[in-house]
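Chemist: Each chain, letter by letter, is given below.
Number of protein chains: 6
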Amino acid sequence: MRPSGRTPDQLREVTITRNYTKHAEGSVLVAFGDTKVICNATVEENVPRFLKGAGKGWVTAEYGMLPRSTGERMAREASRGKQGGRTLEIQRLIGRSLRAAVDLTKLGERTIYVDCDVIQADGGTRTASITGAMVAVIDALQTLQQKKLLATDPLLHFVAAVSVGVYQGVPVLDLDYAEDSNAQTDMNVVMNEEGGLIEVQGTAEDTAFTRQEMNQMLDLAEAGIQQLIACQRDALAGVFMP
Amino acid sequence: MRPSGRTPDQLREVTITRNYTKHAEGSVLVAFGDTKVICNATVEENVPRFLKGAGKGWVTAEYGMLPRSTGERMAREASRGKQGGRTLEIQRLIGRSLRAAVDLTKLGERTIYVDCDVIQADGGTRTASITGAMVAVIDALQTLQQKKLLATDPLLHFVAAVSVGVYQGVPVLDLDYAEDSNAQTDMNVVMNEEGGLIEVQGTAEDTAFTRQEMNQMLDLAEAGIQQLIACQRDALAGVFMP
Amino acid sequence: MRPSGRTPDQLREVTITRNYTKHAEGSVLVAFGDTKVICNATVEENVPRFLKGAGKGWVTAEYGMLPRSTGERMAREASRGKQGGRTLEIQRLIGRSLRAAVDLTKLGERTIYVDCDVIQADGGTRTASITGAMVAVIDALQTLQQKKLLATDPLLHFVAAVSVGVYQGVPVLDLDYAEDSNAQTDMNVVMNEEGGLIEVQGTAEDTAFTRQEMNQMLDLAEAGIQQLIACQRDALAGVFMP
Amino acid sequence: MRPSGRTPDQLREVTITRNYTKHAEGSVLVAFGDTKVICNATVEENVPRFLKGAGKGWVTAEYGMLPRSTGERMAREASRGKQGGRTLEIQRLIGRSLRAAVDLTKLGERTIYVDCDVIQADGGTRTASITGAMVAVIDALQTLQQKKLLATDPLLHFVAAVSVGVYQGVPVLDLDYAEDSNAQTDMNVVMNEEGGLIEVQGTAEDTAFTRQEMNQMLDLAEAGIQQLIACQRDALAGVFMP
Amino acid sequence: MRPSGRTPDQLREVTITRNYTKHAEGSVLVAFGDTKVICNATVEENVPRFLKGAGKGWVTAEYGMLPRSTGERMAREASRGKQGGRTLEIQRLIGRSLRAAVDLTKLGERTIYVDCDVIQADGGTRTASITGAMVAVIDALQTLQQKKLLATDPLLHFVAAVSVGVYQGVPVLDLDYAEDSNAQTDMNVVMNEEGGLIEVQGTAEDTAFTRQEMNQMLDLAEAGIQQLIACQRDALAGVFMP
Amino acid sequence: MRPSGRTPDQLREVTITRNYTKHAEGSVLVAFGDTKVICNATVEENVPRFLKGAGKGWVTAEYGMLPRSTGERMAREASRGKQGGRTLEIQRLIGRSLRAAVDLTKLGERTIYVDCDVIQADGGTRTASITGAMVAVIDALQTLQQKKLLATDPLLHFVAAVSVGVYQGVPVLDLDYAEDSNAQTDMNVVMNEEGGLIEVQGTAEDTAFTRQEMNQMLDLAEAGIQQLIACQRDALAGVFMP
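Protein chains in written order, with full-length UniProt numbering: chain W, 1 to 242; chain X, 1 to 242; chain H, 1 to 242; chain S, 1 to 242; chain E, 1 to 242; chain B, 1 to 242.
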């Protein structure tokens, strides 16, 4: 059985709170159970050097954890003087996932910076970040549209992410820390609302996994992501409906 | 008149929420109006090298701002690879202020790390941090006492902090960003509950200030800090009363 | 058709040259077509701090590219003062993949450092690195056995890696740079000789990919990795045969 | 009694040597007793990015200590790869203090860099730095005027700084290291020649201080700073008299 | 006797392999015995800031060692976050030596970056680097001429380098590691084909050296460098003959 | 003729002031004309890790320039976050030169740190540093002997350094900045009092130099260094005479 008592295909309680802080163009607090992440989307009227003059925009992400978001305090990356490999890996993943949701040409020569800061960690911080950041990005795009800065909506489709894994021999959805730290296999899946795969990152933690297990995990992920996209749409109800 | 409509001697609404996150020994969300800071206190059973074997403990602080806690997005310090001078200055101030509240010998050979992370900034982040962190430290000391790790309570007295300044020629208490960015003088004051001064940092932003203005500002600060300590005691009601 | 004229399921020519440099306990030059990587395995009689006293060893990897291994010169990471996110991501992947091949308890309290340095890049440097480094690690383990430092062979099974992708709508094996830079989807797969999956990292570059495409890619990868493991065994012929 | 035998309101011997090195537009060796600091002012015909096109100039400072300016050798900051928090705090203070002495609009689009390098430390290095740097800045402004680069003199008024503290229960002026390292309270005060306060930074080292002690310390500082400004004027005699 | 059995005036076997990698404008693998260095020359159509608009070009070098190019693994400089003093010293030497071979005005406003990466070290890596890089630079200049980008050949003369030293009291040429690590004196000499001295860097390792020993070492170096330049010309035979 | 009016074999005026600052075990201000360097020698009772338990000591050096020691202000290395290649090269040279003067076994398990900080530069800062630091080291050794911490004097012999070069076709001694920046050849020579060579570093700046010029420069250096050692002995008169 799962430590949380959930069934194998059951998500944790998911909440998406919009307008969480007041300055950002899009600001979301996302909770996957006890995992809580602030996702702020900022619009800047410039693009990275490699896109200068290319007539299109960019979406990029940064990720951080508060030092005591975890069971033991981690050293603050700003104080250590560099971001660790795990951080860089996660923020690259978040950026790629969100770019898959946005038509960069329609965005025009501007950049959306997404900051995902974990204030409490209990497994699945990267998938919660992607899922929450998607809503923050949509709010930022709405802001641009309200300011009449966009001719057409650059949103291509909703994107969400969830972790799956094999825990005590059973494929399960949305692992919390108790499961994650003991899973045989851990996989993060990012999909769009049409069921297209954006990212699949599976890692054998202890023993290798089979094609069959992989397929079971992907089935769980697919169902979970549809639920997550429903949560995203609920959070945005009344505001936006492409 | 003050942009917020407050009287010169009026604090913003102050809220202190304990147990804000679940992992830390003390975890507080403090709000001074729209300024919101997460203050987490972590206890570790070790001391910095310079105290090894000295039979006493240490309290230290780190401070950070989420990149979009401000009106314009600031670069993430972890990504820039170093903490700026302002950050270092503030975290040194928080650490000194909290050490003035704790008997380090009674604490024993352990360290309390205080992490103050600003999630929304509207002026006064350092004074909110000190005021909130005081409560987080007290909760952490309580945790140690409940675990029977301390023979006696190391808390010496409550400490709180507030900003004062001269705005449009008038000394005012607890400046918000609209005032702070236009003040002639800005002063941060840290005091204990007996009215003793711990830190006074006054800066002429535009024109020099007089001894008379300084005294008026200190009067405002003294009254404000007594109210803040009352808020701290309220937040801790039923839990702790030395 | 593929730019190289290969069939969709055809690997590039693979060569694995052992004893490439003279100092390392295991030293391999691996070539996947024009992609060439030096993989050196070093044995040190110590373990990282988090394993001190745990009675087991560690395998870790570092990855680098010579500045002009690529079509345009890249800045030297040593000179820029930090390793980029891509580098950290790749070296973490190589390390995890090789640890899946070694029984760390049988290795004892020692570390195998694997250095993968790309001298010429033409796509697939990370999969070539893993495949070549596996042989370097086996040579290093052999060195330890010849010195009578190991009671039993820590090798669990051979591990190899290959990239697959969807290029012009067709799933293909072992992408070179011309394909990689234009692929719709790019996936790196690490497997062991029993066909167990160690890592799967698939990324939609342009459009999302389907479950069917994913399965086609995994079929290609599985066949390719069996051929790569045959190459590894050939290179080690006469030396080692568990 | 004070270790040096001074009365509580007595400064150490102060000397200000102009033209100490030959390259800088203003170069001063300032001594407060055994504390000796080289203060060099450099004029550059550019401004920081945030002032580009604003039609005004900037004054900024950097501070350093020779590794063996102190009783025990400190690590060289250039070698450690970063400036410490204390250094950044001090150089920010010096910069703010000097900007209060200069009309930045009259300075035009140029920057005065002030480098304060401590060659021998015996307490009060930051206040000696400010006091000496003021003279170096005035010499640099004179250089600009002699070159006919300034229409009017940007000097607003002289600024000087001194430390005060409570040592063995007695408020004292201009603490040397023997006092500073044992003081209950340490306060740095920056004032201009009209008696206006520029900066007040008071810190309780051991026990909190009272409003009365604060006032006594400010009285001492005020008298001390008038003497320091007289020293500055003496050093500049015959050269400049606004 | 020399550990290698060579006579005092005997070079190790020298091989210079051109077109070693496929991307660079000039790519050489140079071997001085077991010392092997990849020297890649890259042409970029820009110049460092200090040469902007000066109507001339630049030649610069970077040097690195693969972590396990040596008997014991060295930490990777990219991972440590900075290049060590020895690395910087060597790459400055390589750059100066190659600039002495090229007429920078004839090169025009472009830069040749030379990357010297040691894949196996056995003494003399810096002299091998210079000798090999000379050929890579010539190939890069040829590339420019074939593209009709140069009006005249910027090559002034061939330059090569060799180490000499005093080993067991006897001046010897081209020290390998066994000699180098036990030499009394170690000297690196860079000369051009006319016998002009470009660089002489002699260091007493154990005891001081005499003018007589210095002259004997320079005689050895002069003869050795003539042989090295013959090797360079052989490698370039049929391609280039100024 | 030389810009300074000196004859080709004439040193600048050399002064060596001992006890320049009060904290260091040896503290010297050395001036070669307008080049002025503070050389402080610190004794610490420990050795670098690679010498732990080896029964011998170490001498090492660090070098820095005040930002405005030069005609144009240089960026402060502590602020830039790293020491440049020139700095590292010079401090390595100073360290090697001084180690040649000291019997490290007689020094015992302690380290002498030499800090050479240039307060005014006019050419020849590294040779002035070595010459001045030698005296600071001797004073530090004297301090150790007076404290009865050394059984025998570790000083082997005096060491001094001077630059020579070819300026307008004429070999000259002790180049100042006006000459140095226009010299065809620049050579730094370190010798001991017996005339033994410790370091020779010659660089062709513009055109290659001949063996004959090299010999003329070495003759000049030899005579100059004997005069510098006489200055060192004068400065130490009455104090020390091995």
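One or more hints might be untrue.
Each pair may be met inside one copy or between any two copies, as identical chains are not told apart.
Lysine to any residue pairs mimicking SDA-like chemistry, simulated, CA-CA at most 25 Å apart [as the list claims (entries may be wrong)]:
#	residue 1	residue 2
1	Lys82	Leu11
2	Lys52	Asp9
3	Lys147	His157
4	Lys82	Val47
It is worth saying that the hints were derived from the structure and are not from the lab.
The model shown is predicted, which means the values in this text are computed figures rather than measured ones.
Chemist: Provide an ascending list of the numbers of those earlier hints which the structure does not satisfy.
Modeler: Of the numbered hints given earlier, those the structure breaks are 1 and 2, listed in rising order.
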